[in-house]
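Chemist: Sequence:
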Amino acid sequence: MTSKAQRIKLFSFDTPQMRAFHMAWMAFFVCFFAWFACAPLMPIIKGQFHLTVEQIANINIAAVAITIAVRMVVGPMCDRFGPRKTHTGLLLLGAIPVFGVASAQSYEGFLFFRTLIGAIGASFVVTQYHTSVMFAPRVVGTANAATAGWGNAGGGVTQATMPLILAAIVMLGVDEAFGWRLALVVPGVLMVIVGLLYWRFTQDCPQGNYAELRAAGIEIEGGKKGGWDSFKLAAANYRVWLLFVTYGACFGVELFIHNVAAVYYVDTFQLSLKEAGIAAGSFGLLALFARALGGFVSDKVALRNSLNGRVTLLFVLMLGEGAGLIWFANADNVVMAIVAMLAFGLCVHMACGATYALVPFIDKRALGGVTGIIGAGGNVGAVAAGFLMKGVGSTQQTLVILGVLVTASALCAIALRFSASTNAEHALARAAA
Numbered sequence: 000m001t002s003k004a005q006r007i008k009l010f011s012f013d014t015p016q017m018r019a020f021h022m023a024w025m026a027f028f029v030c031f032f033a034w035f036a037c038a039p040l041m042p043i044i045k046g047q048f049h050l051t052v053e054q055i056a057n058i059n060i061a062a063v064a065i066t067i068a069v070r071m072v073v074g075p076m077c078d079r080f081g082p083r084k085t086h087t088g089l090l091l092l093g094a095i096p097v098f099g100v101a102s103a104q105s106y107e108g109f110l111f112f113r114t115l116i117g118a119i120g121a122s123f124v125v126t127q128y129h130t131s132v133m134f135a136p137r138v139v140g141t142a143n144a145a146t147a148g149w150g151n152a153g154g155g156v157t158q159a160t161m162p163l164i165l166a167a168i169v170m171l172g173v174d175e176a177f178g179w180r181l182a183l184v185v186p187g188v189l190m191v192i193v194g195l196l197y198w199r200f201t202q203d204c205p206q207g208n209y210a211e212l213r214a215a216g217i218e219i220e221g222g223k224k225g226g227w228d229s230f231k232l233a234a235a236n237y238r239v240w241l242l243f244v245t246y247g248a249c250f251g252v253e254l255f256i257h258n259v260a261a262v263y264y265v266d267t268f269q270l271s272l273k274e275a276g277i278a279a280g281s282f283g284l285l286a287l288f289a290r291a292l293g294g295f296v297s298d299k300v301a302l303r304n305s306l307n308g309r310v311t312l313l314f315v316l317m318l319g320e321g322a323g324l325i326w327f328a329n330a331d332n333v334v335m336a337i338v339a340m341l342a343f344g345l346c347v348h349m350a351c352g353a354t355y356a357l358v359p360f361i362d363k364r365a366l367g368g369v370t371g372i373i374g375a376g377g378n379v380g381a382v383a384a385g386f387l388m389k390g391v392g393s394t395q396q397t398l399v400i401l402g403v404l405v406t407a408s409a410l411c412a413i414a415l416r417f418s419a420s421t422n423a424e425h426a427l428a429r430a431a432a
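With the first letter of the sequence shown counted as 1, position 71 gets the number 70 in numbering that gives the first Met the number 0; the numbers rise by one all the way through.
Calculated directly from the structure, the hints in this document are not laboratory data.
Every value quoted in this text rests on a predicted model; they were computed, and no experiment measured them.
Misleading hints may appear alongside valid ones.
[What the hints assert, rightly or not] For each label pair, taking beta carbons as the anchor points, the in silico distance ranges come out as:
1) L163 x I95: 49 to 57 Å
2) F111 x A167: 46 to 54 Å
3) A167 x G46: 17 to 25 Å
4) E211 x G172: 51 to 59 Å
5) N332 x F111: 36 to 44 Å
6) Q104 x A167: 23 to 31 Å
For every residue, glycine included, the Cβ atom is placed at its ideal position computed from N, Cα and C.
Model the full structure from these sequences, guided by the hints.
Modeler: Right, here's the structure in full:
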């Protein structure tokens, strides 16, 4: 019987595990690309719809708010229906509001579709679920972090490329007022294509698809009952909520930066739209390696210090993120701001990877519920940051306050520490594998 992969054969597409690995990060990449495709175009959209600061804050909050609920639902859905059906459905249905936002004629219409687009952020949960059931404990942290990190890179790519796509459309003779709408069609088309490929090339777990396995009476790890049972088990575990907070403090900050970075560079340092897009995009592109690095280091630390080594790593990264945020907020020139952003961005992405390197070890009976609740924490953090900026009225002051809050949230990482017996069980399981 096919089992979980003990290695990541990066350039292979031959096994179910590696097909799931590559299709998972590609699916999350196009979802992330579509999720934040509007952000680098906001200086133009802002002028066309005559948006106020409060309306822009509402749009930023809407972009991540609905993802909280969808992530909590999608995790247990993976346990019930399998990641293949769940991810394919999310991609195909999620493309609809992406096309819809391109047709918006008012602030209200734009806000409505921007809210619905936030649902595709739940792609992250399916991505982490799929790699968690496909890879063994010795490499699962790296697998989770790599797929999430490469998917997150869609946020950086969209910051850098959407202004270029718009520029190319304008060069063809289309004015900016209509060009940004055509540009937003691109990520919607990509989602449809990848959704069809996901259905064609993946399966739910190493043994096959959940429906066929259940019909054959084969037990499924992490998806025995699914649905509400998975959610209840996860919700009763205090470690889930500690990671909910830490993920809100790292991924939530990442989402917040994706939403505000381009406008911040334009308003604070008077950069052009293209220059601001490149500067903001460099933050997202860190995900190409930094999140995977967080998972990789977590796996290596665990080989020496078991699960508590993973916990300590997360604590250190959260402290680094908080200090870096405060530095970024106080940078007085664009060069220093970019250097500071890259420094704290490295900690942000690595902390995200280190968080999900812990997820598979929280409760194997309810993997979908655990993955979904913790994933939702990231969006709760982003929404809270959005409301904070709305109340404070200054992006710079918001960044300083976030830096302090992130530093404080590092205490939740330390509180995760596992008992000696749990560490011993983990060591035995790793040795057996």
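Chemist: Against this structure, judge whether each hint is valid.
Modeler: Checked hints:
no.: 1; hint: L163 x I95: 49 to 57 Å; in the structure: violated, 25 Å
no.: 2; hint: F111 x A167: 46 to 54 Å; in the structure: violated, 28 Å
no.: 3; hint: A167 x G46: 17 to 25 Å; in the structure: holds, 20 Å
no.: 4; hint: E211 x G172: 51 to 59 Å; in the structure: holds, 53 Å
no.: 5; hint: N332 x F111: 36 to 44 Å; in the structure: holds, 39 Å
no.: 6; hint: Q104 x A167: 23 to 31 Å; in the structure: holds, 24 Å
Checked against the numbered hints above, the structure violates hints 1, 2; every other hint is satisfied.
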